[in-house]
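*Asks:* Here the protein sequences line up with chains A and B, keeping their order. Note that this note's numbering has the first sequence beginning at 1, numbered continuously upward. Note that this note's numbering has the second sequence beginning at 1, numbered continuously upward.
It should be emphasised that the hints constitute simulated quantities derived from the structure, not laboratory data. Warning: the hint list may mix true and false statements.
[Said to hold, decoys possible] Have a look at the derived ranges for each label pair, beta carbon to beta carbon:
| no. | chain 1 | residue 1 | chain 2 | residue 2 | range |
| --- | --- | --- | --- | --- | --- |
| 1 | B | Gly214 | A | Gly20 | 53 to 59 Å |
| 2 | A | Arg288 | B | Lys251 | 58 to 64 Å |
| 3 | B | Pro23 | A | Thr389 | 46 to 52 Å |
| 4 | A | His238 | B | Pro6 | 46 to 52 Å |
[Said to hold, decoys possible] The following residues of chain A were derived to be distant from chain B, with all beta-carbon distances above 12 Å:
| no. | residue |
| --- | --- |
| 5 | Leu108 |
| 6 | Ser169 |
| 7 | Arg187 |
| 8 | Ala349 |
| 9 | Ala446 |
| 10 | Gly516 |
| 11 | Gln533 |
| 12 | His540 |
| 13 | Glu543 |
Where is the CB? At the ideal position from N, CA and C, for every residue including glycine.
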Amino acid sequence: MAKCSIRFLPDGVIVPAVPGESLLSHAVRAGVPLLSPCGGESRCGKCRVLVTGETRGGEDPGALSRGEIAAGIRLACRCFPTEGDVSVTILPGSRPARLAAYLDGKDLAGDEPFLPLSRTASGGTSLGVALDLGTSTLAGTLVDLSDGTVLSRATADNPQMACGEDLISRVVFAEEMTGGFELLRGRLLSGVDGLVSRLLEASPAPGEVTDVVAAGNTVLSHFLYGISPSPIRRPPYHPVRKEYPVVPGETLGTGPSTARAMWRIFPSLGGFVGGDVVSGILASGMHRQEEVCLLFDVGTNGEVALGNREWRITCSSSAGPAFEGGEVDCGMRAYPGAIESVRIEPETAAAEWTVIGRGRPAGLCGSGILDLCAELFRAGIVDRAGRFTSRGGGRRISTERGEAYVVVPGEKSATGRDVLFCESDLKSVVRTKAALCAAAEALLAAVGLPREAVARVYVAGGFGNFLDLRSALAIGLFPPIPLARFVPLGNASLAGALGALRNRRRWKEALSLASGTLYHDLSSDPGFMELYQRGLFLPHTDEERYRSVLAAEMTR
Amino acid sequence: MSVALPIPGFPGRILAVTLPAGPGGTPVTVGGQNALPLLPEGEHPNAPAVGMEVPTGPLELPPALAEAIGPFAGDPVAMARKCAGDWGARFLFLSLSGCHPDAGGQSVSFGAAVVREVLSATPAPVIVGGCGDEEVDARLFPAVAEAAGRPVFLSYAEEKNHRLVAGAALAYGHGVVSWSPIDINMAKQMNLLLADLGFPPDRVLIDPLTGGLGYGMEYTFSIVERIRLAGLSGDAALARPVLCHLGDAWKAREATDPSEGTWGDVGARGPRWEETTGLACLAAGADLVVCRHPSSVARLSGAAWR
Numbered sequence: 001m002a003k004c005s006i007r008f009l010p011d012g013v014i015v016p017a018v019p020g021e022s023l024l025s026h027a028v029r030a031g032v033p034l035l036s037p038c039g040g041e042s043r044c045g046k047c048r049v050l051v052t053g054e055t056r057g058g059e060d061p062g063a064l065s066r067g068e069i070a071a072g073i074r075l076a077c078r079c080f081p082t083e084g085d086v087s088v089t090i091l092p093g094s095r096p097a098r099l100a101a102y103l104d105g106k107d108l109a110g111d112e113p114f115l116p117l118s119r120t121a122s123g124g125t126s127l128g129v130a131l132d133l134g135t136s137t138l139a140g141t142l143v144d145l146s147d148g149t150v151l152s153r154a155t156a157d158n159p160q161m162a163c164g165e166d167l168i169s170r171v172v173f174a175e176e177m178t179g180g181f182e183l184l185r186g187r188l189l190s191g192v193d194g195l196v197s198r199l200l201e202a203s204p205a206p207g208e209v210t211d212v213v214a215a216g217n218t219v220l221s222h223f224l225y226g227i228s229p230s231p232i233r234r235p236p237y238h239p240v241r242k243e244y245p246v247v248p249g250e251t252l253g254t255g256p257s258t259a260r261a262m263w264r265i266f267p268s269l270g271g272f273v274g275g276d277v278v279s280g281i282l283a284s285g286m287h288r289q290e291e292v293c294l295l296f297d298v299g300t301n302g303e304v305a306l307g308n309r310e311w312r313i314t315c316s317s318s319a320g321p322a323f324e325g326g327e328v329d330c331g332m333r334a335y336p337g338a339i340e341s342v343r344i345e346p347e348t349a350a351a352e353w354t355v356i357g358r359g360r361p362a363g364l365c366g367s368g369i370l371d372l373c374a375e376l377f378r379a380g381i382v383d384r385a386g387r388f389t390s391r392g393g394g395r396r397i398s399t400e401r402g403e404a405y406v407v408v409p410g411e412k413s414a415t416g417r418d419v420l421f422c423e424s425d426l427k428s429v430v431r432t433k434a435a436l437c438a439a440a441e442a443l444l445a446a447v448g449l450p451r452e453a454v455a456r457v458y459v460a461g462g463f464g465n466f467l468d469l470r471s472a473l474a475i476g477l478f479p480p481i482p483l484a485r486f487v488p489l490g491n492a493s494l495a496g497a498l499g500a501l502r503n504r505r506r507w508k509e510a511l512s513l514a515s516g517t518l519y520h521d522l523s524s525d526p527g528f529m530e531l532y533q534r535g536l537f538l539p540h541t542d543e544e545r546y547r548s549v550l551a552a553e554m555t556r
Numbered sequence: 001m002s003v004a005l006p007i008p009g010f011p012g013r014i015l016a017v018t019l020p021a022g023p024g025g026t027p028v029t030v031g032g033q034n035a036l037p038l039l040p041e042g043e044h045p046n047a048p049a050v051g052m053e054v055p056t057g058p059l060e061l062p063p064a065l066a067e068a069i070g071p072f073a074g075d076p077v078a079m080a081r082k083c084a085g086d087w088g089a090r091f092l093f094l095s096l097s098g099c100h101p102d103a104g105g106q107s108v109s110f111g112a113a114v115v116r117e118v119l120s121a122t123p124a125p126v127i128v129g130g131c132g133d134e135e136v137d138a139r140l141f142p143a144v145a146e147a148a149g150r151p152v153f154l155s156y157a158e159e160k161n162h163r164l165v166a167g168a169a170l171a172y173g174h175g176v177v178s179w180s181p182i183d184i185n186m187a188k189q190m191n192l193l194l195a196d197l198g199f200p201p202d203r204v205l206i207d208p209l210t211g212g213l214g215y216g217m218e219y220t221f222s223i224v225e226r227i228r229l230a231g232l233s234g235d236a237a238l239a240r241p242v243l244c245h246l247g248d249a250w251k252a253r254e255a256t257d258p259s260e261g262t263w264g265d266v267g268a269r270g271p272r273w274e275e276t277t278g279l280a281c282l283a284a285g286a287d288l289v290v291c292r293h294p295s296s297v298a299r300l301s302g303a304a305w306r
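With the hints as constraints, model all of the structure from the sequences given.
*Replies:* Here is the structure:
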């Protein structure tokens, strides 16, 4: 193959073709955004591209229909260029988009004097950047450090997404691909740099960034700090380090805009509970309260913290990315075109929905998936074990993937295909919710407290801003605690980082909070599997308790 | 000075379930207790019942069983009469194992006919067991439910097939055995699923899956005990009688292998293995045990204390 090239559309990026390398690898190298939740393992079927030119492979009949294959649609992870120039169009459903929804977070820790971290800038205003480094999304806030006002806010997709949607696939990618670690680290740094540039561009006041406070999970904190996260995925699952000394950006290798700023990375609590949770605890104010509180961080992974001002214990649940669009066939992230809420008319079994951005729906984001499950259950279309019943009428069809419910018929969807929700999708959601609920129950069991002892439940995470708590409780995502005790926090990780930027005592608080918080390893908790099994039911095996505490939420 | 003994009472009571008999037969009622077995307190209106398995289809019997039931094993009707008559089984577990494709592959209509014949040959209460092949059982249970001339129990309904089995049982007035793989939560989930279908709770028995001695019996013991404690503590979905099928004891090498001379006579080892498993189940709280060897019926009936 002599000097052939691959052209990616609509970005218009051209890269030389490398024989034996998939289109996905070319896209990753070219920096072209392409969804690949499974990390190129050919499992998710989401890296759909339209190919013109000579290629081979990528014609997976399980993921693509015959018509689509004939039209030239391929899976980028299994499609290889053979001869001549190839033009690759990334289809709308396979293209990540930006989202403003991940920005809002509440800081409940209360009003405090303004005591910024900063030193003085050499010229102009001294600026601070608060960062939330999420597995899927990066979010940032730019603050004027002279008075604490917010100057601009921005979000971006984590560019590491193309190398695996979940953290473990990325750790594996870093280990097994030549130069994988450097590539992932570079992608994270470039994502952060891009975000900071956008923050500065959008800022009404010019200035110099002197301080950055970043909250991220342990794996991302390791990548950012330039340490291999490999030990996290092997027993005993400990991170290389839990605290990250304050260093200037140039030491980390960040771009010029933050190279001279001092970077503070929130300490990690364990391999799978990172600084984002520390930051979330900080924002919730749980660490100052007398009453016992629960904190859920619902994201690509689910973390749970329990405690009060005396003690805290946290764990990471094995919850998968079902609420971030992974593992569910019709799932997508909260981009325009995603269904964000669903109601099912019990008589006709037809779904009504609202779509982000008002267009035609292409799939469902986390809150939509949650609503859909709750509504299917309430309408009696699925039973407690997560199987379809005989109800559902014309909305039920049999597919190659088994029995399915038609959420959106093809003629009303953005893609022209039916948006389907299969029994296997429901099972993934049930597994995810069981893991999250069981994680909270395991923490309660570990400290010997009953559910009634929990005075407040904070729900953090971008998804937490939008989820319908009644739907969440109806399917048992959370333990049976009265709805009135729930407090949505939004992006608490970002809010906590912002708090630390505005008040240096909060940063110290974060450091002491980390050392005063116990990490509970669920994989070595003998009671966890039983709690998990209890959760593998709708809403839960402890059905009586849900009915007595949450009667209204169960029926709507 | 007299000191009142602090006898702890349980708030719950196990639901009494009756396995109906034919004309002239004795129905079996189990459950109804509000206390654990082996302890002096509480009420135990019904003693545990010991039943026997009636196999169908070709069998490879271990030595001890070949000697005891061999002559009847090929003829379910004769076997059923013998079990309920001479051997003293209070109920029969008619296993339609012969319908399994790997065990003779008798037709579904043949299986249904066997059920009909056995039911008319003996008035003893009957539990009909499927063959274990998902696809065959899906046709077998409705056929059996229709063919049975009097109420029986269908064994078993699990999460995958519960709609079908419970539906067939509901339509013809039978009971079901609700099965789960040694897991208290799944046992409860099964009963909740049956309740959602409107299945009457007094026609449900719990089969928690019984491991033989040395092959998981202690797991079964613990789960049966926990199911019982949960039921007595007020968890209505678990306050049901428990059935333990001791067939797994006959899968143990110790019970069947004649080559180990130092282990003693294989003809004695087999029944001992089954009895020991059965005693453990009864001690854990089982209300019904199903055995394969006639001597186990006598011994376990004698030990079916409360």
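*Asks:* Compare the structure with each hint and give your call.
*Replies:* A quick look at each hint next to the structure:
no. : hint                            : verdict
1   : B:Gly214 - A:Gly20: 53 to 59 Å  : holds (55 Å)
2   : A:Arg288 - B:Lys251: 58 to 64 Å : holds (60 Å)
3   : B:Pro23 - A:Thr389: 46 to 52 Å  : violated (38 Å)
4   : A:His238 - B:Pro6: 46 to 52 Å   : holds (49 Å)
5   : Leu108                          : holds (36 Å)
6   : Ser169                          : holds (31 Å)
7   : Arg187                          : holds (43 Å)
8   : Ala349                          : holds (18 Å)
9   : Ala446                          : holds (19 Å)
10  : Gly516                          : holds (34 Å)
11  : Gln533                          : violated (5 Å)
12  : His540                          : violated (10 Å)
13  : Glu543                          : violated (6 Å)
Violation of the numbered hints given earlier is confined to hints 3, 11, 12 and 13; the remaining hints are satisfied by the structure.
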